[in-house]
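S.K.: Spelled out, the chains give:
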Amino acid sequence: MNKFRRLTVFLAEDNPDDIEIARRAFKRSKLGCDLVIARDGEEALKKLSEPSFHPDFAIMDINLPKLTGLQVLERVRKEKRLIGVPFVMLSASDREEDVRASYELCANSYIQKPVVFEDFVETIAVLEKYWFEVARLPRST
Amino acid sequence: MRILLVEDNAGDARLIEEMLRDVPAAVQIEFAGAASLGVALERLEAEPCDVVLLDLGLPDSQGLDTLVAARERMPDLPIVVMTGFDDEERALRALHLGAQDYLVKGRIESEPLARAIRYAVERNEITAQLNQTMHELETRTEEMESFTYSVSHDLKEPLRTLEAFSGFLLEDYGDVLDEQGRDYLERLGQASARLKDMIEKLLTLSRLGRRPPEVERVDVRQVVEGIIAVNQFTIDERHAEVVIDGDLPPVLGDLSRLEQIFGNLIGNGLKFNQSERPGVTVKLEGTVDGIVTFAVTDNGIGIAEEYHERIFGVFQRLHLREEYEGTGAGLAIVKRAANALGGSIELRSAPGEGSTFLVNLPLYELPHRLSIKRKTGVAA
Amino acid sequence: MTTTTELGRPVEILLVEDNPGDVRLTREALVDGKVWNNLHHAADGVEALDFLRQQGKHTSAPRPDMILLDLNLPRKSGREVLADIKADPTLRSIPVVVLTTSKAEEDVLESYGLHANCYIVKPIDLDQFIRVVQSIESFWLCIVRLPTASAEMAKAS
Numbered sequence: 000m001n002k003f004r005r006l007t008v009f010l011a012e013d014n015p016d017d018i019e020i021a022r023r024a025f026k027r028s029k030l031g032c033d034l035v036i037a038r039d040g041e042e043a044l045k046k047l048s049e050p051s052f053h054p055d056f057a058i059m060d061i062n063l064p065k066l067t068g069l070q071v072l073e074r075v076r077k078e079k080r081l082i083g084v085p086f087v088m089l090s091a092s093d094r095e096e097d098v099r100a101s102y103e104l105c106a107n108s109y110i111q112k113p114v115v116f117e118d119f120v121e122t123i124a125v126l127e128k129y130w131f132e133v134a135r136l137p138r139s140t
Numbered sequence: 000m001r002i003l004l005v006e007d008n009a010g011d012a013r014l015i016e017e018m019l020r021d022v023p024a025a026v027q028i029e030f031a032g033a034a035s036l037g038v039a040l041e042r043l044e045a046e047p048c049d050v051v052l053l054d055l056g057l058p059d060s061q062g063l064d065t066l067v068a069a070r071e072r073m074p075d076l077p078i079v080v081m082t083g084f085d086d087e088e089r090a091l092r093a094l095h096l097g098a099q100d101y102l103v104k105g106r107i108e109s110e111p112l113a114r115a116i117r118y119a120v121e122r123n124e125i126t127a128q129l130n131q132t133m134h135e136l137e138t139r140t141e142e143m144e145s146f147t148y149s150v151s152h153d154l155k156e157p158l159r160t161l162e163a164f165s166g167f168l169l170e171d172y173g174d175v176l177d178e179q180g181r182d183y184l185e186r187l188g189q190a191s192a193r194l195k196d197m198i199e200k201l202l203t204l205s206r207l208g209r210r211p212p213e214v215e216r217v218d219v220r221q222v223v224e225g226i227i228a229v230n231q232f233t234i235d236e237r238h239a240e241v242v243i244d245g246d247l248p249p250v251l252g253d254l255s256r257l258e259q260i261f262g263n264l265i266g267n268g269l270k271f272n273q274s275e276r277p278g279v280t281v282k283l284e285g286t287v288d289g290i291v292t293f294a295v296t297d298n299g300i301g302i303a304e305e306y307h308e309r310i311f312g313v314f315q316r317l318h319l320r321e322e323y324e325g326t327g328a329g330l331a332i333v334k335r336a337a338n339a340l341g342g343s344i345e346l347r348s349a350p351g352e353g354s355t356f357l358v359n360l361p362l363y364e365l366p367h368r369l370s371i372k373r374k375t376g377v378a379a
Numbered sequence: 000m001t002t003t004t005e006l007g008r009p010v011e012i013l014l015v016e017d018n019p020g021d022v023r024l025t026r027e028a029l030v031d032g033k034v035w036n037n038l039h040h041a042a043d044g045v046e047a048l049d050f051l052r053q054q055g056k057h058t059s060a061p062r063p064d065m066i067l068l069d070l071n072l073p074r075k076s077g078r079e080v081l082a083d084i085k086a087d088p089t090l091r092s093i094p095v096v097v098l099t100t101s102k103a104e105e106d107v108l109e110s111y112g113l114h115a116n117c118y119i120v121k122p123i124d125l126d127q128f129i130r131v132v133q134s135i136e137s138f139w140l141c142i143v144r145l146p147t148a149s150a151e152m153a154k155a156s
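Protein chains in written order, with numbering that gives the first Met the number 0: chain A, 0 to 140; chain B, 0 to 379; chain C, 0 to 156.
Hints should not be assumed to be uniformly reliable.
As the list claims (entries may be wrong) - Beta-carbon label-pair distances, calculated as ranges:
no., chain 1, residue 1, chain 2, residue 2, range
1, A, 103, B, 338, 47 to 55 Å
2, A, 103, B, 132, 28 to 36 Å
3, B, 246, A, 121, 39 to 47 Å
4, C, 52, B, 8, 55 to 63 Å
5, B, 130, C, 89, 33 to 41 Å
No wet-lab data here; the hints were simulated from the structure.
By construction, the Cβ of each residue, glycine as well, lies at the ideal position given by its N, Cα and C atoms.
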């Protein structure tokens with residue numbers, strides 16, 4: 000991964016407060032990240048279907064209007080072009096069905112939304128460190 | 000009233016019938032006879048009856064097994080057992096197995112027999128109602144718990160906003176506010192931290208208050224040692240001491256509930272403590288009838304008698320927040336977790352004399368000398 | 000200090016690895032970890048699947064909460080194991096982290112194509128290796144929710 004290129008993080012989230020929280024959390028991150036936001040499932044799918052759009056990382060809420068995060072995930076995972084993009088489900092839900100369904104539909108991981116902002120920042124920091132420094136991702140084409 | 004008389008000896012059957020016909024009864028008595036358990040069940044299917052008089056020695060079944068088999072096939076009917084044995088212990092066992100009465104043949108007289116039958120029917124009805132009520136109560140409790148759980152969970156969402164945005168405000172605009180403005184904001188932040196704590200405690204309460212799906216052998220010593228290890232920093236910092244005094248027997252429970260029970264008690268013992276060297280001792284108090292009692296004793300500030308009940312309530316605090324931190328849910332969690340395991344909590348304490356919490360829990364025994372009664376219903 | 004997970008039991012990890020040195024290092028890194036865990040080991044691909052399907056000498060194996068999988072394994076390769084896991088409806092929800100010395104782009108792509116949850120290149124350097132295992136722990140065991148909470152938790156929600 001080119002260290003000088005800014006990373007593109009795709010965020011599918013309908014709650015405006017949570018968007019602002021994520022925005023601020025990413026602002027404090029070490030790596031420079033540009034957030035691309037979709038407010039509902041349909042918008043998310045549309046954005047992800049654009050051939051020129053290839054985020055470095057995707058964070059998806061489950062309870063999205065129109066299409067749910069799981070429905071978006073299911074369709075996205077069929078697309079070869081995005082196979083190397085890590086999809087992390089970030090949801091307030093702690094329902095076991097949601098967790099299992101996420102993994103079954105090939106989410107890379109599932110994280111429960113932290114309640115406290117500092118924990119949120121910490122979570123984003125661990126996410127970034129893990130996926131961009133520890134994990135090996137395919138070179139984006 | 001229709002009586003099903005299950006008796007293979009024709010003479011005995013005849014005798015019983017005659018006895019009951021002699022009694023001036025308010026209700027008309029009708030008889031149905033069966034010479035074996037199999038026939039009895041067939042007859043029941045054809046025509047329902049109100050009470051069963053059951054001889055234990057039948058061609059297709061013998062002894063208390065007859066009763067067990069009969070109860071299994073006709074769980075809702077009152078059964079009065081008749082037998083040739085006058086054996087008190089056997090009679091008691093029959094009652095535990097769900098018989099309404101135990102009559103010894105040859106000693107049966109018509110008046111008491113009629114009364115036994117009437118009472119059996121009445122008792123059976125009352126028990127059925129009781130079971131029904133308990134069942135409803137259980138369902139309600141379960142609904143209540145899952146309600147508490149989902150509400151607490153949903154409350155996290157606005158809380159996340161409250162917590163984050165009061166922080167943002169302070170961060171971005173703190174310098175344009177005067178001191179009072181900043182103080183107000185800080186209070187908001189503290190309140191949301193407390194709210195978060197309370198929600199977490201409610202979630203813990205509703206999770207641990209229910210009976211665990213599985214109970215197993217849990218080594219209490221290991222649990223307590225684990226708690227000491229996790230809290231070692233606080234213990235050292237406060238020059239405190241947590242001691243296990245002697246052997247701690249294993250209990251039948253589940254790990255997370257036991258961690259909550261001992262974790263909260265030990266934590267409280269250290270927290271509500273102004274001794275120079277705060278100390279908590281965990282030891283075995285005794286074992287009676289398969290229930291083991293542990294004593295968790297501290298040299299803390301103690302609790303006045305009048306509060307002994309109140310402190311086990313949810314979010315009950317006896318002190319100002321400035322004096323001691325916390326939500327006041329710890330002991331409620333302890334109590335509910337102990338109850339969920341079929342145990343209980345007692346308290347011995349007075350102000351200035353420290354506290355001793357007695358934790359009563361089912362002892363783990365191998366092999367099980369007596370199986371823990373898990374059925375909540377009353378044996379009919 | 001080890002913390003109990005929300006599960007009330009240790010996190011069960013299956014390490015599929017034929018190199019005894021790497022097994023030992025991984026074990027060492029995880030023993031000192033922050034989260035209470037049990038590391039199980041399968042030395043080749045066939046044994047790994049036996050473990051997952053509770054067959055052979057593994058009839059009483061627990062269902063792992065996550066799998067660390069090497070790619071180059073005797074008897075059955077890591078790719079095949081990965082493909083089998085992700086094709087099995089009872090196993091596919093278990094996160095698989097591919098942990099291999101291979102840096103080849105086609106291995107990376109193929110692994111993600113087979114729905115590995117993550118691909119990590121094993122560092123040669125000892126300290127770095129330990130650090131990588133610890134990062135795996137601090138991500139998967141501390142902040143990620145694994146698909147295996149107890150039945151009780153599932154019921155409560």
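S.K.: Determine for every hint whether it applies to the structure shown.
M.R.: Going through the hints against the structure:
{"no.": "1", "hint": "A:103 <-> B:338: 47 to 55 Å", "result": "37 Å, violated"}
{"no.": "2", "hint": "A:103 <-> B:132: 28 to 36 Å", "result": "43 Å, violated"}
{"no.": "3", "hint": "B:246 <-> A:121: 39 to 47 Å", "result": "42 Å, holds"}
{"no.": "4", "hint": "C:52 <-> B:8: 55 to 63 Å", "result": "59 Å, holds"}
{"no.": "5", "hint": "B:130 <-> C:89: 33 to 41 Å", "result": "39 Å, holds"}
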